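Asker: Assemble chains Z and R onto chain L, guided by the hints.
Residue numbers (my numbering), protein chains in the order written: chain L, 1 to 339; chain Z, 1001 to 1325; chain R, 2001 to 2283.
I should point out that these hints are in silico values taken from the structure, not numbers from a laboratory.
This structure is a prediction, so every number in the text was calculated from the model and none was measured.
Don't be surprised by glycine CBs; every beta carbon is placed ideally from N, CA and C.
This list has only true hints and no planted wrong ones.
So the derived list for chain L, only partly shown, Cβ under 10 Å to chain R, looks like this:
1) A31
2) P38
3) K42
4) E46
5) Q54
6) I60
7) G64
8) N71
9) A206
10) Y223
11) I225
12) Y318
Here are the simulated DSSO-like pairs of lysine-lysine, each with C-alpha atoms no more than 27 Å apart in a straight line:
13) L/K135 <-> Z/K1170
14) L/K332 <-> L/K315
15) Z/K1034 <-> R/K2101
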Amino acid sequence: MKSMKKTMIGALAGAALMGVSMAQAASLNGAGATFPYPIYSKWFYEYNKSKGVQINYQSIGSGGGIQQLTNGTVDFGASDAPMTDEQISKVKGGVIHFPTVAGAVALAYNVPGVESGLKLSSSVLADIYMGVVTKWNDPEIADLNPGVNLPDLNITVAHRSDGSGTTNIFTNYLTKVSSKWASSVGFATSVKWPVGVGGKGNEGVAGLISQVPGTIGYVELAYAIKNKLPYATMKNKSGHYVEPTIASTTAAAAGALKTMPSDFRVMITNAAGADAYPICGFTWLLVHPSYNSDTGKTVTDFLHWYLSEGEGMAKDLYYAPLPESLVSKVEKKIEMIKY
Amino acid sequence: MSLPLEVSNSGRAEKALPLFLRLTQAGFGDRLFKKITALFAFLILFLAGLTAFTLWRASIPCIQKMGWSFLNTGDWDPVREMFGSVPFVYGTIVSSFLALLIATPFGLGISLFLTELAPKKMREPVAFLVETLAAIPSVVYGLWGIFLLAPFMRVHVDPILIKSGLPIFKGPSTGLSLFTAGVILSIMILPTITAISREVFEAVPNSYRESAKALGATSWETIQLAVMKPSKVGILGAVMLALGRALGETMAVTMVIGNKPEVSGNLLDPSHSMASVIANEFSEAVGDIHISALAEIGLLLMTITLVLNIVAHLLVWATTSKFQR
Amino acid sequence: MPDYQTYRRLLDRTMVVLCGLAALFAAIPLVSLLAYVLFQGFHRLDWTFLTSLPTPVGVAGGGMANAILGTVTLVLVASCVGLPIGILAGIYLSEYGKKNKFAWSVRFTADVLSGVPSIVTGIVAYTLIVKPMHNFSALAGGVALGFMMIPITTRTTEELVKMVPHSIREASWALGVSQWRTILSIVIRTAKNGILTGVLLSIARIAGETAPLLFTAFNNQFWPKGVNEPTASLTVQVFTYAISPFKDWQDQAWTGALVLLILVLAINGTAKLFFKNPREMLR
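The shape of chain L in the complex, shown without the other chains:
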């Protein structure tokens, strides 16, 4: 009895202390995509240092960001996949998409004897992921890689077990380049994979690739680099073999500029351009068109800030900043927000 009393008193005191509110500074809460989390956390940290405003962002997933924005529990969302018209219609007041950075999806592999430089084309990749090509020394792969000693080893296909924007970009690419994939699987943040083992998160897939010889999997570029995994050079739409790099990602973004819709909702996979890497995607901040005055001021201020100061921080974290011409268009869009 005494002990229970002690615990309760202690707990109540603690709770009371926590409940004392301090002076209100304009602070925001945001949720969404995991892919840009490193750059967003850098941005919000720097923004806090220079303006003293707290923006708390958590990476619970693109779908989670959209859900929470729709439920009104966060001030802004973030997503690796653009929202559909149906999703936008469910959000009170609507949604404006602001592209922030672009990233590449690398095909990392673990093939004994092949240290680097594996070349793949769109059709071969689709065949691998559909289970049509099952061995590394299959003629389809060998044709693209003359002189490379491909072992007689089964291909273990790795994909994401959790829903993800990376999957969305990857499957969107496969849908564009393979009609068979388009009709049998399609693209989304989660799909029914014809073959393969699922790893949780980019790190799960990276882990699979490094542990199991013969595995190929798709991961964000940063994971391939950080885990020192070799990644494939892909044949792009123009027929050139391109590696996933910041430059080739920016080239893909630039290539899509001509057909960029005014609301910035576009998938830049299989982009046109000689140097464009074919498996890239934008990531967006999802913002309401109107806010109350305090929140609206902070939101618009931050949006201006990331376009002017934030973009320069992208390259260090393996993200491709927005092409210059796009930045000015996005800047204009900020004026649409009312508060």
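Answerer: The following block gives chains Z and R in isolation, referenced to the frame of chain L:
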């Protein structure tokens, strides 16, 4: 466990008195206490009802679309919005039972060792070690699983199992499999079984043990007769809690089970589980039907836990009624 | 043909050895886990880590101070919700719940609830608290965790209180002590250790949970301003860092896991120190 002497007039005499006098009547404290504790007990039913109701409401779109086929098909296709739960149910049940199969003998063995057999000096350190196992966060189990356990299974354990030629162990294995999930779950539920069984064993009065020893029983026979028998129901409670944990465990399982929604008789094949699919897909699921399907999986899990509990209770009732006097 | 006596002796020795082996065998994964966490997390464990806020990649000196406070807060809130319900319900079940249907259904339901995945509990708390209030909060997170504590504490309390010998109760009644006083002062006192085990097991369990917090307490890179704000927690922060591709963050994740482990063990140790019953009372 009520008083041997009942208050005879069911409180009618007390009700005629003014409030102040009523409060001081004998038995009032007892009745109040009973009502308060009953209220809290009721809150448990309320909580379960709330959980089931929330899940049910969220599942309605999927129930309407898929109907019974949700329960007997295995197609999980978020793009085409076709959902079937069979592989997940299979994975959850097999991995949990495997975990119980491994953890129960070990757990009981350890707690017996701690309470009956070990020298006093060994007890606290070993008990401390077991508690530490309980304190490890599930995400750490998952990471240890990917980086240490799965490769260990792939390189050392699975080949031996494959050599045995049993149909449930067929190669090749990546280390991410139903079997590995069962193993990691068994480690996670071990502290539950050990800690609770230990308390149950220690609560058995010494006189039981002394009587057995006086009759010439060996240590093991003493354990069987004097310690295990009266503890049966308590141990069942421990096992049910452990099973509950195993059925609902998310993080650690999802990192080592391979996340492939397919039923396979081979324990070394990757599989999936109900808790894993919810955890994996919930935050990214955007289609209404998709979210609804995940909620229905949650509801299904609750139902299965219910059924398993009924079966366990029936088993206990069948075996203990033989010993009732 | 060995006689019956030898068989008995042999069986006895074998079982003792087997039980000892079980303990040894269980020590292997435990030592592996602990060594792994220690080995990965130790080098980053320093005063900076324990007192600084998280920093982004590339900025040195990050820490998990707010996450540590957050976990402690969440455990406190959860205990306020879960312990009273669990313990009192457990008392009801053991003292008044022998033959009645209501008690049976409560017991049964507690077992079923223990199988609910933690993320589902989180979703329930989200629907009840976060959605109507339009914000994430430590309150919601604590409530979600509190819900999870209930099945464990209820069942353990019930089983251990039931095992208190009836003679102790009878002695108390014989002295004229009322039923409720007997339960609180005598029976609970005797069963203290068992109840404490249940409490500590549930605290250890919830302190290590991530999934239910994702949609309730959310997370926070800064210090929370109250219980009604999102709050950081060691588990969510560890999870977020562990799945990133950056070595500094991954190192911090392991250190965070180590800190969590130490925290839970500290809670275990202190609670035992203050509340544990000397065994002499029962034997």
